[in-house]
Amino acid sequence: MNILLYVAVVLIWGTTWIGIAVQSHYATPVVAILWRFAISALLLWVVLLFSGKLQRIALKDHLFCMLQGLCVFGLNFICFYTAVKYVNSGLESVIFSMAVFFNAINALIFFKQKPSPNFAPAALLGLSGIVLLFWHDLINSQFNAQLLMGIGLCAIGTYGFSLGNMISVRHQKRGLNIFSTNCYAMTYGALVMLSLALFTGQDLMPPMNFPFLSSVLYLAVFGTVIGFSAYFSLVGRIGAAKAAYSTLLFPLVALTVSTFFEGYEWTLNAVFGILLILLGNYLMFSKFEIGKKLFNSQKSCEKQA
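Take the UniProt record's numbering: the last position of the sequence shown gets the number 305, and nothing is skipped along the way.
Treat the hints loosely; a few may be bogus.
[To be verified] Restricting the straight-line Cα-Cα distance to at most 25 Å, the calculated cross-link-like pairs of lysine to any residue (SDA-like) are: (1) 60 with 208; (2) 85 with 263; (3) 173 with 217; (4) 85 with 173; (5) 114 with 127; (6) 85 with 75; (7) 85 with 180; (8) 173 with 47; (9) 60 with 217.
Simulated from the structure, these hints should not be mistaken for laboratory data.
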């Protein structure tokens, strides 16, 4: 089941960039995000109410769902959508992959969960692979105030995503249903986007054309309802740090799709980058604890010295 959830998350979220790119051509970030999560929340409300599976939760839990909505289904996406104006998608992918470290650190802070011995070497391999994969994008980025703005927004959005992961862990530890808490959180996220749109005087009417409507439906159904449900289930089953490692695989799917539809040309750097990411992914879930082996070897050397 864990493998199925992991593959589903990677395949779904690895292709959502297409819908996001299409949306950005037809609507402002706030309006695009509003419709995405409004549709997602509505779908969950209908399914949960008709199936009788909607879980009633306490006021305190609703407050945490509201916070989760801000972190995962609202403000973080504003950061990502806005950052695209200042940084290229390659750099954005590199920064988002920092969720691996953010989740490990936050899990240690909030739940005293220590990362596995393989975490550090696997994460370093994966991040090195991401850097190699987008090396040309990185070296072509001009260092200026706009670049710093984009990096800052991506980092804030990624950390918000990580905090949302921690809230999901909190929900599951309290025995709360993932679909119900996602439903409440998406509703709160959509309401915040609605408030922002009204406050800033933006046109709420979505563009009535096939590209926008098809992309928002894909993002709402697959990218949000299915994708986030699978991901948060994974967080509860294997831990936040291991689940976040899936973020390192998203660019592989995205670039594969881009190869067929946009003519992406592979470079030697990209191939080596993929090999490092796959090696790190194997190491992360391997029973062979290389981190502990290295640590024990170091201690043995110190004793001999």
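In rising order, the numbers of the hints this structure does not comply with: Checked against the structure, the hints that fail are numbers 1, 3, 4, 7, 9, while the rest are satisfied.
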